[in-house]
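J.: Below, each chain spelled out in residue letters.
2 protein chains.
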Amino acid sequence: MSKPLILVTNDDGITAPGIRALVEVASEFGEVVVVAPDKPQSGQGHAITLNNPIRLRKVNIFGDIEAHECSGTPVDCVKLAKKVLYKNREVALCVSGVNHGSNASINIIYSGTMSAAMEASLEGINSIGFSLLDFSHNADFGASKFFARQIIHKILKIGMPDTKLLNVNIPKGSVNEIKGIKVCKQADGIWDEEFQEGTDPRGQKYYWLNGVFLNLDEDPDTDINWLAHQYVTIVPSGHDLTNYKAIEPLQFLSEEI
Amino acid sequence: MSKPLILVTNDDGITAPGIRALVEVASEFGEVVVVAPDKPQSGQGHAITLNNPIRLRKVNIFGDIEAHECSGTPVDCVKLAKKVLYKNREVALCVSGVNHGSNASINIIYSGTMSAAMEASLEGINSIGFSLLDFSHNADFGASKFFARQIIHKILKIGMPDTKLLNVNIPKGSVNEIKGIKVCKQADGIWDEEFQEGTDPRGQKYYWLNGVFLNLDEDPDTDINWLAHQYVTIVPSGHDLTNYKAIEPLQFLSEEI
Numbered sequence: 023m024s025k026p027l028i029l030v031t032n033d034d035g036i037t038a039p040g041i042r043a044l045v046e047v048a049s050e051f052g053e054v055v056v057v058a059p060d061k062p063q064s065g066q067g068h069a070i071t072l073n074n075p076i077r078l079r080k081v082n083i084f085g086d087i088e089a090h091e092c093s094g095t096p097v098d099c100v101k102l103a104k105k106v107l108y109k110n111r112e113v114a115l116c117v118s119g120v121n122h123g124s125n126a127s128i129n130i131i132y133s134g135t136m137s138a139a140m141e142a143s144l145e146g147i148n149s150i151g152f153s154l155l156d157f158s159h160n161a162d163f164g165a166s167k168f169f170a171r172q173i174i175h176k177i178l179k180i181g182m183p184d185t186k187l188l189n190v191n192i193p194k195g196s197v198n199e200i201k202g203i204k205v206c207k208q209a210d211g212i213w214d215e216e217f218q219e220g221t222d223p224r225g226q227k228y229y230w231l232n233g234v235f236l237n238l239d240e241d242p243d244t245d246i247n248w249l250a251h252q253y254v255t256i257v258p259s260g261h262d263l264t265n266y267k268a269i270e271p272l273q274f275l276s277e278e279i
Numbered sequence: 023m024s025k026p027l028i029l030v031t032n033d034d035g036i037t038a039p040g041i042r043a044l045v046e047v048a049s050e051f052g053e054v055v056v057v058a059p060d061k062p063q064s065g066q067g068h069a070i071t072l073n074n075p076i077r078l079r080k081v082n083i084f085g086d087i088e089a090h091e092c093s094g095t096p097v098d099c100v101k102l103a104k105k106v107l108y109k110n111r112e113v114a115l116c117v118s119g120v121n122h123g124s125n126a127s128i129n130i131i132y133s134g135t136m137s138a139a140m141e142a143s144l145e146g147i148n149s150i151g152f153s154l155l156d157f158s159h160n161a162d163f164g165a166s167k168f169f170a171r172q173i174i175h176k177i178l179k180i181g182m183p184d185t186k187l188l189n190v191n192i193p194k195g196s197v198n199e200i201k202g203i204k205v206c207k208q209a210d211g212i213w214d215e216e217f218q219e220g221t222d223p224r225g226q227k228y229y230w231l232n233g234v235f236l237n238l239d240e241d242p243d244t245d246i247n248w249l250a251h252q253y254v255t256i257v258p259s260g261h262d263l264t265n266y267k268a269i270e271p272l273q274f275l276s277e278e279i
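Protein chains in written order, with our numbering: chain A, 23 to 279; chain B, 23 to 279.
Mixed in with the good hints there might be a few duds.
[To be verified] Restricting the straight-line Cα-Cα distance to at most 30 Å, the calculated cross-link-like pairs of lysine-lysine (BS3-like) are:
| id | chain 1 | residue 1 | chain 2 | residue 2 |
| --- | --- | --- | --- | --- |
| 1 | B | Lys227 | A | Lys80 |
| 2 | B | Lys105 | B | Lys25 |
| 3 | A | Lys105 | B | Lys227 |
| 4 | A | Lys194 | A | Lys176 |
| 5 | A | Lys267 | B | Lys201 |
Quick caveat, the hints were computed from the structure, so don't treat them as lab data.
Modelling step: build the complete structure from the supplied sequences, incorporating the hints.
T.: Written out as structure tokens, the structure is:
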């Protein structure tokens, strides 16, 4: 039997340490191909490139593993992998990350890492986004590799019942400091932001985004809460944003003319 | 009683005809302020600007109405409106659009128009994204204005029970060709894409995204289906991407160590 094809991508860019950690782990389970942005693309959400051409360039930075850097967004990378580079191959799994920084709670909607994984899931590919709660470039990906290995192994063996997308977040710290794995829901939360205001060298005013995350969820069975208790969290995710409970109360807006 | 403050934004850029239509309608109901991108930002999804400063510039293009163009994404516009420009005012409503092109079904996740509205909803502001099923710059916004007027009027009067975000799509055509309004769910669908491949003037290969939308939903009570039958559609939307039905089947991934 041929080895399963595993697509690896991220949003921190193809040279980020986090994607190297994920490439190493994925290589233990299948034939790995990498298509990732040629520059950092954090906070790109589900952006796609409509008004400009996109470039792909083959790079040799992961030894024997085929890798392409892409001038577009994380979602563009997945589209090009599926529709151009590997259009005649069956992709068994897409893994995105390991992201330098949390994608728990509402971060999923801003995250290029999770949007890339979501795009693959829309194409019917089982997909997992991995994120480590450490923004630093020199973060320790030891625990991330340990748990990514375990989760990829089980998913390739058992599949992903009733979903195509997992949002996995890993607490900062060593493997021994982590208490376990929880499958749970996305916490409700918000970014409490303030813009840093300044004046540039030409005397023009600018604003620069800054902020802290606030957990608004009182339910303890959420990713934010379990991460705070040193658990790895797995949130099965989708792409249906319909707020079903509001359909009936909003019928006052319906009409036949 | 002072007039309610209504924030208007979009993703096609502050000079697009669609936002002008929405500014005109919103002005009938309150004090309008505009914060919108200084260039087209379609397909930007929930992108935010993290690694660069953002500029704001006051522009005089809507008569007496205060308007600012912003160098950032649609979501950046809403954040700056809420956190800098109008931080001491209560924003009664945010309206985004009118988008030149559909944001029904899965388009909501790629759409800067809907992401801007979603960002406002995260801030607790009742928000509505309006989109017309016509990509052309010279689209007829007559029906869009008619239905936006009606929906804004009811929402300001009655509120938005059980949700903070509405995704409104308007079929192409005149008011008389539209049969009514349906409150329904987001259809499941996908973009069937192919990349146009070419060679640039320097001999470098490029890829340019192109595609057609495919409806995968057999349920008739969806936005895609009602739009095809000439109804305006309203999908109450949210920001929780948890796939709840998969939490139990995925418990094989949980563990205590």
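J.: All hints are to be evaluated individually against the structure, with a verdict given for each.
T.: Structure-based check of each hint:
For the proposed pair Lys227 of chain B and Lys80 of chain A, the alpha carbon gap of about 12 Å is at most 30 Å, so the pair holds. A threshold of 30 Å between alpha carbons decides the hint, and for Lys105 of chain B with Lys25 of chain B the separation of about 21 Å falls inside it, so the pair holds. The hinted pair formed by Lys105 of chain A and Lys227 of chain B meets the criterion: a straight-line CA distance of about 16 Å does not exceed 30 Å. Only pairs whose Cα atoms come within 30 Å are accepted, and Lys194 of chain A paired with Lys176 of chain A is accepted, the gap being roughly 23 Å.
Distance restraint check for Lys267 of chain A and Lys201 of chain B: the Cα-Cα separation of roughly 25 Å lies within the 30 Å cut-off, and the hinted pair is therefore satisfied.
Consistency with the previously given hints is maintained throughout, with no hint failing.
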